[in-house]
Amino acid sequence: MAGSSLDEKVVGWAFHDGTEGAGPQLPEPKRPGDGPYSNGLCALQDGWMLLQSAQLTSPAPGQEHLNAYLEYEFVFERRVDLS
Amino acid sequence: MAEFVANGFLRFDAIVPADINERAIDEIGQLNAERLLPDGMKPPHSRTPLDDCYPLPSVVGEYLRLPQIRGIIHSLVGADPVFDHDWVHHIPGGGSYVQPLHVDAATDSTDPTFDVQLFWYPSAVARGEGGTRFVPGSHLTRVRSSGLHRYQHIVGEQQVACDAGSVFVFHHGLWHAGQPNPGDNDRWLYKIRLNPTEPQVRLWDTTDFTDVQSPPTDHIFARMQPGSVAEIFRTWHPWMGITDYRNDQIQRALLWRYLTGDDDFDVDYYLTRLEGRADLVEGRA
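Here the protein sequences line up with chains A and B, keeping their order. Using numbering that gives the first Met the number 0, the first residue of the first sequence is number 0, and each one after it goes up by one. Using numbering that gives the first Met the number 0, the first residue of the second sequence is number 0, and each one after it goes up by one.
No lab work stands behind these hints, which were simulated from the structure alone. All values derive from a computational prediction rather than experimental measurement. One or more hints might be untrue.
A few chain B positions that, by computed beta-carbon distances, are all more than 10 angstroms from chain A [what the hints assert, rightly or not]:
| hint | residue |
| --- | --- |
| 1 | R46 |
| 2 | L65 |
| 3 | D79 |
| 4 | G94 |
| 5 | S122 |
| 6 | R141 |
| 7 | G146 |
| 8 | E156 |
| 9 | A163 |
| 10 | H171 |
| 11 | P237 |
| 12 | D247 |
| 13 | A277 |
Short derived list, chain A residues pointing at chain B, Cβ under 8 angstroms [stated by the list, open to error]:
| hint | residue |
| --- | --- |
| 14 | G32 |
| 15 | S37 |
| 16 | L40 |
| 17 | T56 |
| 18 | P60 |
| 19 | A67 |
| 20 | Y68 |
Every residue gets a Cβ at the ideal spot worked out from N, C-alpha and C, and that includes glycine.
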């Protein structure tokens with residue numbers, strides 16, 4: 000997300016489908032190029048479970064103004080009944 | 000030049016003449032097939048001066064010697080850069096391979112010097128048919144290449160779609176990835192990486208410099224100069240949270256200080272604020 004809160008906007012995403020396509024796919028975005036959900040809260044409301052929030056770490060001295068990876072990463076999971 | 004600093008890339012649509020594009024496919028196809036063979040067509044050695052790369056009548060050599068291409072190169076890495084490496088990226092029609100998002104080579108130095116990579120597409124690339132995916136504004140981050148693999152989608156990323164003869168110029172740090180080509184036509188790309196051999200200070204056309212160079216006091220929460228470099232450096236890429244954005248502005252300002260030789264340059268006062276207080280601690284007020 001864009002920030003450390005679950006209700007910040009989604010800026011990137013990845014989807015790993017353990018059902019190999021048999022289960023539901025991600026919803027279509029509201030606008031082309033947007034994420035499947037506006038923010039993490041919307042994913043919770045759609046039945047996803049939050050597995051891990053982003054760790055907050057102070058910048059190391061001398062590294063304060065360097066960007067690296069997308070910092071605020073949240074991991075969600077969903078269990079799907081294929082019976 | 001300020002847009003290159005803010006976005007990490009430039010695009011030049013249909014800048015290479017059709018005649019060269021049409022003849023290029025055979026030559027880069029041969030290079031692609033033979034470069035690792037004992038007796039095949041070979042690329043130059045790394046550190047070969049650009050002027051000595053692919054001597055005529057090579058079609059790649061014609062491309063590299065076009066005045067418009069040399070002008071781009073000169074503006075970014077000087078008049079006498081050296082060959083780092085090149086590669087031909089061929090995605091056949093119907094190709095399904097997805098390259099993970101990455102930066103090339105190894106994690107780079109923290110100084111502001113940079114290489115450029117010229118991506119020449121000698122044949123047209125239709126939307127969604129193998130055009131390179133890239134993330135504008137990602138070039139000033141500090142990452143390990145494989146750390147980016149998990150990012151399947153990033154808001155604001157682009158995928159190349161262009162006419163034949165288009166050239167995209169990437170800062171060496173730009174995140175990018177090859178994409179599948181479900182179309183019928185092959186997608187060809189010739190990529191060359193060039194290293195500068197001189198400081199990259201005011202190498203481009205700076206006739207408008209005094210008009211666009213903003214003072215270090217140019218500050219969004221104070222006074223701003225319209226149409227200035229600082230205005231361009233306020234480009235906020237959609238994947239950036241506010242901290243990413245402000246940090247990136249600082250990195251843009253540091254790169255611009257190197258490119259212009261103006262060690263006082265700043266945008267939105269971040270560096271000037273800290274440097275001013277640092278002087279107090281040192282007793283140099």
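Hints versus structure:
1. Distance check for B:R46 against chain A: the nearest CB is about 29 angstroms away, which clears 10 angstroms, and the non-interface claim stands.
2. Here B:L65 stays apart from chain A, with its beta-carbon at least about 34 angstroms from theirs, past the 10 angstroms limit.
3. With a least CB separation of 31 angstroms from chain A, B:D79 remains clear of the 10 angstroms interface cut-off, as annotated.
4. With a cut of 10 angstroms on Cβ distances, B:G94 stays outside the contact zone with chain A, its closest approach being about 21 angstroms.
5. Against the 10 angstroms criterion, B:S122 stays outside the reach of chain A, whose nearest CB is about 26 angstroms from its own CB.
6. The claim that B:R141 lies off the interface is violated: its Cβ sits roughly 5 angstroms from the closest Cβ of chain A, which falls inside the 10 angstroms cut-off.
7. With a closest Cβ-Cβ approach of about 6 angstroms to chain A, B:G146 is found to fall inside the 10 angstroms limit, against its non-interface label.
8. Look at B:E156: its CB is around 8 angstroms from the nearest CB on chain A, not clear of 10 angstroms, so calling it non-interface is violated.
9. Chain A leaves B:A163 outside its interface by the beta-carbon criterion, the shortest separation being 26 angstroms against a cut-off of 10 angstroms.
10. Chain A leaves B:H171 outside its interface by the beta-carbon criterion, the shortest separation being 16 angstroms against a cut-off of 10 angstroms.
11. Its closest Cβ contact with chain A, about 7 angstroms, brings B:P237 to no more than 10 angstroms, contrary to its assignment away from the interface.
12. Interface exclusion of B:D247 from chain A breaks down, the closest Cβ pair being 6 angstroms apart, not more than 10 angstroms.
13. With a cut of 10 angstroms on Cβ distances, B:A277 stays outside the contact zone with chain A, its closest approach being about 13 angstroms.
14. Because the beta carbon of A:G32 sits about 6 angstroms from the nearest beta carbon in chain B, less than 8 angstroms, this interface hint is met.
15. Using the Cβ-Cβ criterion of 8 angstroms, the hint placing A:S37 at the interface with chain B is not satisfied: the shortest such distance is roughly 11 angstroms.
16. For A:L40, the interface hint is violated, since its Cβ never comes within 8 angstroms of a Cβ in chain B; the closest pair sits about 16 angstroms apart.
17. The restraint placing A:T56 at the interface with chain B is violated, with a minimum CB-CB distance near 13 angstroms, outside the 8 angstroms limit.
18. For the restraint placing A:P60 at the interface with chain B, the shortest Cβ-Cβ distance is roughly 13 angstroms, beyond the 8 angstroms limit, so the hint is violated.
19. For A:A67, the suggested interface contact is upheld, since its CB lies about 5 angstroms from the closest CB of chain B, less than 8 angstroms.
20. Because the closest C-beta pair between A:Y68 and chain B is about 6 angstroms apart, less than 8 angstroms, the hint holds.
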